[in-house]
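As they're listed, the protein sequences go chains W and C. Going by our numbering, the first residue of the first sequence is number 5, and it counts up by one from there. Going by our numbering, the first residue of the second sequence is number 5, and it counts up by one from there.
Hints are supplied without guarantee of correctness; some may be wrong.
Same chains, same label: a pair holds when it works inside one copy or across any pair of copies.
Claimed, not checked - Heads up, simulated BS3-like pairs for lysine-lysine below, C-alpha to C-alpha not over 27 Å straight-line:
hint, residue 1, residue 2
1, Lys340, Lys305
2, Lys79, Lys600
3, Lys555, Lys312
4, Lys175, Lys555
5, Lys555, Lys674
6, Lys674, Lys558
7, Lys525, Lys79
8, Lys85, Lys600
9, Lys674, Lys600
10, Lys355, Lys305
11, Lys85, Lys525
12, Lys674, Lys175
13, Lys85, Lys355
Keep in mind that the hints were calculated from the coordinates and are not lab data.
There are 2 protein chains.
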Amino acid sequence: MTEFAVLASSITHEDIAQALVSGYGPTETPILKLIKESRSKGYEAACVPLTTVNWRERWRDMCILPSAGDAGSGKIAAAEKQAETWRRAPGFVLDEVTISRLDEAEGVVGMISDWLQLDSTDDWVRHDSEIALRQELAYASYLNVLTVILPPPRNRVHVASYARAINECLKSTPYIQFSIRLPIYDPAVFQPKQSPARRSTDSFSSVASSPTPRSAPKLVIPGSSSSARTGRSAKAPEGELNATWEMWDIIRTLCDYNTRLTLTLDLTPPLPSNLGVLSRWSAEPVQHIFLPASTFIANVKGYPVLPKGTQSFIRDSMTHRPTIILSGTNHGVHSKGGESAYAQYVRYLEKTSQSVQAARQAGTVEHFAQGYQDYLQTPLQPLMDNLQSITYQTFEQDPVKYRNYEEAIYRALVEWPETERIVICVAGAGRGPLVARSLNAIQRSRREASVYAVEKNPNAFVTLQGRKEKEWGDSVELVFGDMRQIDVPEQADILVSELLGSFGDNELSPECLDGAMRFLKADGISIPSSYTAHLAPLSSSKLFNEARANKDLKYMETPYVVMFQNVSILSGDGGGAGGRCGSQVQECWEFEHPRKDAVVDERGLPLTNSHNVRFSTLSFHIPHAGILHGLAGYFEAVLYGDIGLSIHPHRKDQVSKDMLSWFPLFFPFKDPLYLPSNSELQVSLWRLTNQRQVWYEWYAESFLPVFSPPLPTDKSEDPLGSDGSFFACSSTNVAVPSPLIDAVDVFPHPEKMETRRVDQSPKQDVGIVKIGQTALHNPGGRSSWIGL
Amino acid sequence: MTEFAVLASSITHEDIAQALVSGYGPTETPILKLIKESRSKGYEAACVPLTTVNWRERWRDMCILPSAGDAGSGKIAAAEKQAETWRRAPGFVLDEVTISRLDEAEGVVGMISDWLQLDSTDDWVRHDSEIALRQELAYASYLNVLTVILPPPRNRVHVASYARAINECLKSTPYIQFSIRLPIYDPAVFQPKQSPARRSTDSFSSVASSPTPRSAPKLVIPGSSSSARTGRSAKAPEGELNATWEMWDIIRTLCDYNTRLTLTLDLTPPLPSNLGVLSRWSAEPVQHIFLPASTFIANVKGYPVLPKGTQSFIRDSMTHRPTIILSGTNHGVHSKGGESAYAQYVRYLEKTSQSVQAARQAGTVEHFAQGYQDYLQTPLQPLMDNLQSITYQTFEQDPVKYRNYEEAIYRALVEWPETERIVICVAGAGRGPLVARSLNAIQRSRREASVYAVEKNPNAFVTLQGRKEKEWGDSVELVFGDMRQIDVPEQADILVSELLGSFGDNELSPECLDGAMRFLKADGISIPSSYTAHLAPLSSSKLFNEARANKDLKYMETPYVVMFQNVSILSGDGGGAGGRCGSQVQECWEFEHPRKDAVVDERGLPLTNSHNVRFSTLSFHIPHAGILHGLAGYFEAVLYGDIGLSIHPHRKDQVSKDMLSWFPLFFPFKDPLYLPSNSELQVSLWRLTNQRQVWYEWYAESFLPVFSPPLPTDKSEDPLGSDGSFFACSSTNVAVPSPLIDAVDVFPHPEKMETRRVDQSPKQDVGIVKIGQTALHNPGGRSSWIGL
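The task is simple: from the sequences and hints, build the whole structure.
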């Protein structure tokens with residue numbers, strides 16, 4: 005059984021000191037001994053700090069100058085000179101590093117000095133931390149260390165400087181994977197901090213005022229990123245739950261989504277049990293999860309287990325195949341189970357993870373899709389291209405799709421007036437699965453019926469001939485040709501087709517069926533009778549990078565078929581401020597068959613394709629800040645009555661559970677769009693056509709609800725306004741919570757909020773301000789074609 | 005004297021009908037006759053509607069179906085069939101067009117049918133308007149019409165569909181210039197309108213419900229783009245003053261800043277006299293200004309003149325060389341002056357335009373810069389490249405720079421202790437202008453002084469030798485070599501240099517002077533003694549297009565020297581909500597000379613260049629919505645005492661008026677960033693260095709102040725909060741006007757607002773939400789080099 009998580013141990017300075025004291029073999033070193041022990045305990049990797057405390061002390065003596073009062077100017081000048089000499093040619097001495105041999109570094113994840121402050125408020129500390137970082141990376145590179153973990157950003161105000169330094173290092177250090185250690189959120193943020201306003205002009209020349217380094221680095225979140233933090237400690241304001249993610253977003257944005265940049269999520273602070281904000285991490289490149297023994301709690305028997313929220317977060321993370329770094333397992337934090345209990349517990353979480361179980365169980369989409377997660381496939385174009393037999397075979401394996409088709413045909417047959425002989429026409433028969441299902445349905449229904457099978461792929465038509473000869477005989481009549489051009493011997497009562505794409509109409513089912521309507525009787529029916537297309541905004545740094553991997557920008561203007569995994573849907577249910585927004589996944593448009601109002605020519609074909617043009621504009625509520633990278637597209641089809649097919653994420657399990665044939669569609673955006681918490685996203689999507697082609701174009705705008713406080717008035721006016729209410733009256737009088745507050749997951753019940761809205765007074769005025777937009781995605785090379 | 009504006013007449017359907025009745029020459033047509041008349045009246049161009057009322061009627065009969073109650077179904081079916089036939093092969097019949105001959109179309113600006121509704125709420129009206137537009141454009145193209153004016157967008161909700169259609173037409177119609185007619189703002193927006201929420205799903209199939217076309221199209225601004233529109237009619241909310249610009253921004257964004265897409269600003273509604281929002285149009289490609297006779301008012305004598313606001317807007321627009329379209333001049337709207345009075349008045353405004361006058365007057369920067377406006381120049385690198393003699397000659401023409409240098413040297417000399425002989429060293433003497441000015445200053449000061457002239461350009465050094473031989477003799481000693489490497493015979497009292505770039509330090513003055521400090525006495529002085537770099541955020545679709553004209557993205561990461569014209573500075577003075585922001589143009593950093601605290605080696609040179617690293621983070625208040633395309637960079641230098649050099653836009657006229665040597669610096673952003681009204685822009689700029697190179701990196705984040713309404717509370721809690729105030733208490737208790745309101749120009753006095761802030765109660769809580777960010781601009785090819 006393949007495992008999803010890699011387990012890593014964390015080797016500390018204390019462990020190394022201990023190994024030094026307790027001795028090691030003649031060909032060993034303390035590090036080699038520790039790594040060997042770690043492997044013997046079942047860990048597949050080990051994290052090792054690259055530098056010793058000696059390095060930290062030298063750096064501090066050089067770079068953190070004592071204040072002028074504490075030391076003579078001669079001492080300061082000497083330190084300055086030492087620092088300048090070091091800056092010119094940075095390098096270690098032997099006792100400043102933990103490893104110095106290639107074999108020591110093998111398989112090791114290197115920990116960069118965690119006291120580096122790339123985002124210090126002090127210009128010189130930032131500057132010298134960056135030089136030290138380059139020095140450590142150069143050393144790691146020398147020893148062929150493949151992955152390093154970097155200390156977390158700690159200061160929102162200077163995180164851009166942290167990010168810039170990382171970007172510079174990524175460019176100058178090839179090969180090494182950089183993983184940024186980051187707490188999901190930090191309880192320390194609830195402490196009030198000073199204001200961010202700071203002008204650094206010329207502070208580079210005031211070296212003497214440098215602060216001493218902090219022994220316990222804490223995350224500094226200035227007032228600017230949030231508000232209302234006092235007096236309501238139980239409710240974490242959205243801005244502060246966002247804080248660490250917002251810093252990560254700045255770092256990866258400034259590093260231009262470098263694929264060598266990943267995350268080490270630090271679970272040291274225990275997670276709240278049910279925070280929707282956590283789902284955003286599923287869109288990010290989480291490479292490692294840092295899990296100290298102190299995060300574990302003891303169960304009733306004294307064994308280490310994780311709190312509920314952390315449990316489910318770890319379970320959900322398993323599909324991303326993280327490296328889980330366990331630390332402090334030998335500190336005896338828990339009374340039972342010993343060192344190995346932590347690793348065993350993580351393996352237990354893996355085994356009981358729903359997604360791991362689904363992936364391991366044959367017959368599920370997750371199992372079927374192994375290896376296809378987040379892989380961009382160009383949608384099939386069965387109208388333009390004749391499919392290969394192996395492609396048909398893959399789709400024919402679907403256990404659900406054909407069962408539902410047969411059921412739909414069966415129901416249609418039994419509900420047909422008993423007196424009549426029924427003609428079924430399968431339009432687009434392929435290798436014959438729907439023909440076979442039609443025959444099953446006829447047999448089950450005990451109705452008198454015959455089947456025509458129309459197919460335009462000459463190669464598949466050979467297979468059809470074989471099946472007619474061997475299986476079907478006279479009950480099936482084969483007709484070769486394009487359903488938009490051929491004629492059939494008699495008109496059908498039931499037209500059966502499966503021309504659907506992931507977005508419903510994207511494989512040109514509407515255009516093909518327009519042609520096939522010629523051989524359906526006036527009162528005949530179509531299976532499917534209708535289908536709808538659905539959209540949701542999504543975030544995924546993985547898919548963004550995959551789509552732009554091809555330098556030609558036109559690949560950012562093509563929809564892809566993708567099995568989503570490293571993805572987060574940004575929209576929430578609930579209407580947003582003012583109730584303008586729809587649900588999490590929204591319907592774009594519908595196609596119905598047969599449609600009878602088209603103007604047709606003498607052959608029964610539409611004069612133009614204008615009736616298949618569609619436009620949809622949808623408003624989504626975005627509860628938590630995130631980056632828009634694209635749109636997820638789904639379809640749902642009604643076959644007959646209440647029998648359907650669906651890949652709609654909320655409905656597929658009811659309609660067609662375990663159906664394998666369609667992964668969702670992904671419409672990429674060329675440039676990521678930042679969406680703040682509680683913003684609104686308005687998506688425009690067009691289905692366009694000319695006389696030869698069909699294509700989609702898409703575009704999005706973002707908005708933020710704002711509150712109107714009292715309008716400024718002349719002094720002569722009553723400051724409360726003429727109607728006595730505090731807020732100006734306007735056409736949209738909806739009292740809603742603040743953009744910062746609305747999104748906090750403390751409010752699980754929309755009904756409750758509804759009540760509060762109605763009760764609340766005085767009335768507040770909410771407006772909405774545009775804050776951003778994407779480019780128009782207009783595919784130059786239109787890849788779906790229809791020959792009318 | 006060159007003229008700045010092109011005048012165009014507007015030919016109407018009535019004019020054409022009149023010409024038809026009144027007769028025309030045997031080789032003429034009515035249009036040819038009208039154009040000839042127009043030319044004889046001094047107009048250089050004529051606008052002609054391309055289609056007649058017959059076309060409008062046919063289109064309406066086909067595409068706007070009567071409601072089912074008003075007509076038989078047979079009539080509807082016939083219209084539908086006619087429409088489908090037309091959609092398949094769109095084309096005119098003769099009496100549907102005004103021109104049909106090449107000579108009629110020559111020099112004509114074609115007016116597309118103004119009743120087309122590309123942004124109708126009805127799907128079919130939009131669809132058929134787009135087909136009609138393509139038909140009209142194809143016809144214009146057939147007749148070689150070079151420019152067309154398109155009807156304005158009228159519906160904010162569907163402006164994306166308007167924009168998408170224009171983009172499609174730009175792609176399919178090469179060569180033709182598209183100009184979008186647009187009112188600067190529309191008073192009609194103050195009328196309440198219905199909500200924008202609309203789902204168009206399948207409304208394509210409900211053709212019969214199409215509305216009739218509107219006879220007087222009005223701008224529809226839904227509630228979503230603004231708030232608080234009722235009861236305060238005199239104060240136009242920011243959102244509504246933005247409305248037409250916001251639509252233009254969507255159109256050009258969806259058309260990817262196509263350079264064939266321009267604006268026809270329609271001045272039909274009279275402008276307010278003092279609206280800061282108008283300045284944004286100077287950043288846009290305004291090709292035409294539409295000015296009907298009805299916009300003119302009568303002066304006391306009855307002659308047509310324009311209202312004050314329109315006057316100054318037209319005067320300011322002149323430098324952009326617009327085509328001004330006068331219409332209705334033959335309607336006798338004004339009692340005096342006749343038809344020609346309108347054109348004469350526009351020419352009068354041109355003549356009295358300050359910028360036109362400046363451009364026409366020798367000695368001004370505007371005159372000097374003719375032809376260089378908005379032209380991107382790569383900054384000089386005099387350290388790396390030896391300049392050409394012609395470059396020196398250009399800069400030596402500056403009447404102000406050398407005068408100020410001489411004055412600074414003179415002041416330094418006269419203030420020097422009288423007893424001493426003074427040594428002046430000119431570091432970077434070039435062809436000698438500062439040497440000559442030093443000698444002038446010595447002569448004027450009657451002090452005993454000698455001059456060393458150091459120059460590293462071997463070619464310029466030949467010129468220096470010539471001048472020494474012919475002009476200077478023994479008073480000047482020439483020293484050849486790089487000031488960072490050579491030695492001079494004696495140390496100087498006064499070090500004179502001019503190594504400044506547009507941003508102060510960008511031509512590596514700090515690094516060069518670090519080297520030259522070796523030959524300055526310990527108590528010597530440097531002229532300049534300091535310089536500062538200054539930034540402001542700017543918008544300019546022109547500069548954005550210029551910078552990205554080179555497909556290689558690295559050209560978006562290089563600062564350019566530019567004489568700004570088609571540009572708007574986005575920042576305003578005033579601190580924004582919470583007072584976090586600085587002034588319109590802000591100082592980044594400073595360099596001082598001599599600096600004495602550097603650690604130097606035995607040769608007197610700094611060990612590293614770390615002391616010349618700089619970082620600045622600046623917060624700008626953005627009063628009016630706009631698009632960030634880049635940063636404007638300026639410098640100001642103190643030469644000696646209060647003598648300086650400045651290109652800071654607010655200070656240059658006091659410090660060094662008419663100085664020609666430096667245009668500002670432009671730091672481009674790769675992707676435009678949308679900034680809403682009253683937002684805050686935080687810019688980070690780094691000056692970075694390694695042992696060989698110096699470069700800048702830049703990045704920006706945008707924020708929007710939001711108000712915290714009452715925090716949602718449990719029902720048991722007091723809804724007014726424990727402290728009895730309506731708003732939650734927080735660390736930033738500043739009462740400020742709404743984001744939508746703050747920016748309205750009705751409040752001219754910041755002091756007054758300050759008072760209001762203090763007076764206002766109860767306290768409100770203002771927070772700030774991040775809404776966007778740019779990429780990090782990190783020049784891969786670093787173009788400034790230093791050889792240490």
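Lys674 and Lys600: within-copy, between-copy, both or neither at 27 Å Cα: The answer is neither: 39 Å in one copy and 50 Å across copies each exceed 27 Å.
Homomeric proximity label, Lys674 with Lys558: Cα distance no greater than 27 Å: both (9 Å within a copy, 18 Å between copies)
Alpha-carbon proximity between Lys555 and Lys674, which holds within one copy, between copies, both or neither at 27 Å: Classified as both: same-chain Cα gap 11 Å, cross-chain 16 Å, threshold 27 Å.
Intra/inter-copy verdict for Lys674 and Lys175 if alpha-carbon distance must be at most 27 Å: Classified as both; 23 Å inside a copy, 19 Å across copies.
Intra- versus inter-copy proximity for Lys525 and Lys85 (alpha-carbon distance at most 27 Å): Cα proximity of Lys85 and Lys525: across copies only (22 Å, versus 94 Å in one copy).
Within, between, both or neither, where Lys525 and Lys79 count as close if Cα-Cα is 27 Å or less: Classified as between: cross-chain Cα gap 26 Å, same-chain 100 Å, threshold 27 Å.
Within, between, both or neither, where Lys355 and Lys305 count as close if Cα-Cα is 27 Å or less: within (21 Å within a copy, 93 Å between copies)
Lys79 and Lys600: within-copy, between-copy, both or neither at 27 Å Cα: between (93 Å within a copy, 17 Å between copies)
Same-copy or cross-copy closeness of Lys340 to Lys305 [CA-CA at most 27 Å]: within (7 Å within a copy, 103 Å between copies)
Status of Lys312 relative to Lys555 across identical chains (alpha carbons, at most 27 Å): neither (44 Å within a copy, 53 Å between copies)
Homomeric proximity label, Lys85 with Lys600: Cα distance no greater than 27 Å: between (88 Å within a copy, 14 Å between copies)
Intra/inter-copy verdict for Lys85 and Lys355 if alpha-carbon distance must be at most 27 Å: Intra 58 Å, inter 64 Å, cutoff 27 Å: neither.
Of the numbered hints given earlier, the model fails hints 3, 9, 13; all others are met.
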